[in-house]
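Student: Residues per chain, in single letters:
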Amino acid sequence: MVRNAADFNAFLLASRPDPRTHRPDPSRMGGFLARHPETGRALALLKARALTSGFANDTYNSLDSLIFVNAEGTATAVRWAMVPEEAARPPEGPGVGRDYLFHDLIGALARGPLRWHLVVTVAGPGDPTGDATVPWPAGRRQVDAGTLTLVRAESEEGGPCTGITYDPLILPEGMGPSDDPIPAARSAVYARSFTLRSGEAVTASAVTGTAIRSGGQ
Amino acid sequence: MRPVERFPLFARILHWLMAAMILTMLFVGIAMVATVEPAYHRLVDLHRPLGICILLLAVVRLVNRWLIRVPPLPDTLPPALRVAARLSHVVLYALMIGLPLVGWGMLSAGAYPVAMWPGFALPPILPHDPALFAMLRHLHTWLALALFGVVLIHLAAALLHGLLLRDGVLPSMTGGRTG
Numbered sequence: 001m002v003r004n005a006a007d008f009n010a011f012l013l014a015s016r017p018d019p020r021t022h023r024p025d026p027s028r029m030g031g032f033l034a035r036h037p038e039t040g041r042a043l044a045l046l047k048a049r050a051l052t053s054g055f056a057n058d059t060y061n062s063l064d065s066l067i068f069v070n071a072e073g074t075a076t077a078v079r080w081a082m083v084p085e086e087a088a089r090p091p092e093g094p095g096v097g098r099d100y101l102f103h104d105l106i107g108a109l110a111r112g113p114l115r116w117h118l119v120v121t122v123a124g125p126g127d128p129t130g131d132a133t134v135p136w137p138a139g140r141r142q143v144d145a146g147t148l149t150l151v152r153a154e155s156e157e158g159g160p161c162t163g164i165t166y167d168p169l170i171l172p173e174g175m176g177p178s179d180d181p182i183p184a185a186r187s188a189v190y191a192r193s194f195t196l197r198s199g200e201a202v203t204a205s206a207v208t209g210t211a212i213r214s215g216g217q
Numbered sequence: 001m002r003p004v005e006r007f008p009l010f011a012r013i014l015h016w017l018m019a020a021m022i023l024t025m026l027f028v029g030i031a032m033v034a035t036v037e038p039a040y041h042r043l044v045d046l047h048r049p050l051g052i053c054i055l056l057l058a059v060v061r062l063v064n065r066w067l068i069r070v071p072p073l074p075d076t077l078p079p080a081l082r083v084a085a086r087l088s089h090v091v092l093y094a095l096m097i098g099l100p101l102v103g104w105g106m107l108s109a110g111a112y113p114v115a116m117w118p119g120f121a122l123p124p125i126l127p128h129d130p131a132l133f134a135m136l137r138h139l140h141t142w143l144a145l146a147l148f149g150v151v152l153i154h155l156a157a158a159l160l161h162g163l164l165l166r167d168g169v170l171p172s173m174t175g176g177r178t179g
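Going down the list, the sequences are from chains A and B. Counting from 1, position 71 in the first sequence corresponds to residue 71 in our numbering; the numbering is continuous, with no gaps. Counting from 1, position 144 in the second sequence corresponds to residue 144 in our numbering; the numbering is continuous, with no gaps.
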């Protein structure tokens with residue numbers, strides 16, 4: 001959506017709701033988009049993206065690029081996506097309740113495992129690695145690098161995902177940051193928010209262990 | 001036995017090497033928490049191994065300090081400054097060892113890998129506990145600010161001895177001529 005942390009800060013200020021109308025001020029947002037046509041183009045791509053019916057058939061695209069280094073030391077710029085095996089279906093109208101996307105996912109897992117493929121897209125010559133707002137041309141080489149299989153859901157309460165920050169720069173050996181400035185900004189900001197969040201009193205989880213055991217009903 | 005005038009060479013090397021490392025570390029720490037630019041992860045990647053280096057050298061230095069004969073403070077020094085000198089050194093040693101340990105413990109409690117260089121990370125020294133992480137993360141900042149303060153006091157005291165009192169304290173560490 002934006003190229004770097006400074007632009008993101010300007011974007012947040014421009015999209016801040018007006019205290020009287022409770023909506024973003026169109027003149028401020030218009031001014032930002034005039035200065036940042038790349039954000040306008042990225043927002044148009046985001047709007048054109050087809051929504052799916054839930055988490056189980058949705059694709060995650062990294063947008064940010066990483067550098068993969070092979071055993072011989074050759075560095076390659078990549079972007080990556082988690083592509084579901086389930087075919088994408090459009091949403092069937094609004095679901096029931098605030099947490100229906102979670103309950104649908106729990107229900108799907110009760111019927112069987114869900115799989116996503118880690119699809120790595122290799123940059124072509126001249127593809128921008130330092131600008132997450134620009135898509136790479138279609139037809140770039142893609143590698144199916146692995147399969148993620150989810151067999152069950154776990155609640156936040158007492159679950160293994162609690163109290164961990166998903167820092168985009170904590171990477172396995174052979175993977176490193178590119179010249180994309182966004183992952184470093186996220187890493188810095190997440191470290192701060194993780195400290196603040198971890199110091200707060202624990203609140204009740206929206207999706208409880210009991211809800212998961214009952215199969216999302 | 002005549003009292004020694006200077007610290008032995010090994011103690012002086014340790015002192016000046018660690019002085020450079022600790023000053024670097026304090027400014028790396030301040031810079032990395034103040035930026036969201038790509039320098040952030042390069043500074044953090046430097047901060048962790050440098051901190052562990054300081055911890056190891058501080059332990060070597062503490063053992064060395066017990067083994068060597070330390071030059072006595074000048075008899076002309078008032079008792080209050082004598083106590084202050086002793087106390088500030090205890091605090092310096094405690095922070096040189098405590099600050100890296102709190103950093104290591106804090107990363108352990110936050111389930112962060114304690115990465116030293118690509119492919120090598122230290123084991124955690126505390127169990128994964130978010131509340132403990134938050135407490136230690138704040139403690140790390142407070143202790144670092146305390147170290148900043150004690151380093152400044154140490155520096156001011158060295159200049160006081162060297163420029164105003166002109167006793168043998170500063171040459172005992174610089175290796176220059178005393179008296």
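Some hints here could point you the wrong way.
Restraint ranges, calculated between C-beta atoms of paired labels, are given here [to be verified]:
hint, chain 1, residue 1, chain 2, residue 2, range
1, A, G174, B, F10, 47 to 55 Å
2, A, D179, B, H138, 27 to 35 Å
3, B, A39, A, V69, 18 to 26 Å
Derived contacts from chain A toward chain B, CB cut-off under 8 Å, selection only [stated by the list, open to error]:
hint, residue
4, M1
5, A5
6, V122
7, G163
8, I170
9, P177
10, A188
11, S193
12, F194
Quick caveat, the hints were computed from the structure, so don't treat them as lab data. Values in this document were obtained by computation on a predicted structure and should not be read as measured data. Quick reminder that beta carbons are idealized off the backbone N, C-alpha and C, glycines included.
Student: Each hint should be assessed against the structure and marked as holding or not.
Tutor: Hint-by-hint comparison with the structure:
| no. | hint | in the structure |
| --- | --- | --- |
| 1 | G174/A / F10/B: 47 to 55 Å | violated, 41 Å |
| 2 | D179/A / H138/B: 27 to 35 Å | holds, 33 Å |
| 3 | A39/B / V69/A: 18 to 26 Å | holds, 21 Å |
| 4 | M1 | violated, 16 Å |
| 5 | A5 | holds, 4 Å |
| 6 | V122 | violated, 22 Å |
| 7 | G163 | holds, 3 Å |
| 8 | I170 | holds, 6 Å |
| 9 | P177 | holds, 6 Å |
| 10 | A188 | holds, 4 Å |
| 11 | S193 | violated, 11 Å |
| 12 | F194 | holds, 7 Å |
Checked against the numbered hints above, the structure violates hints 1, 4, 6, 11; every other hint is satisfied.
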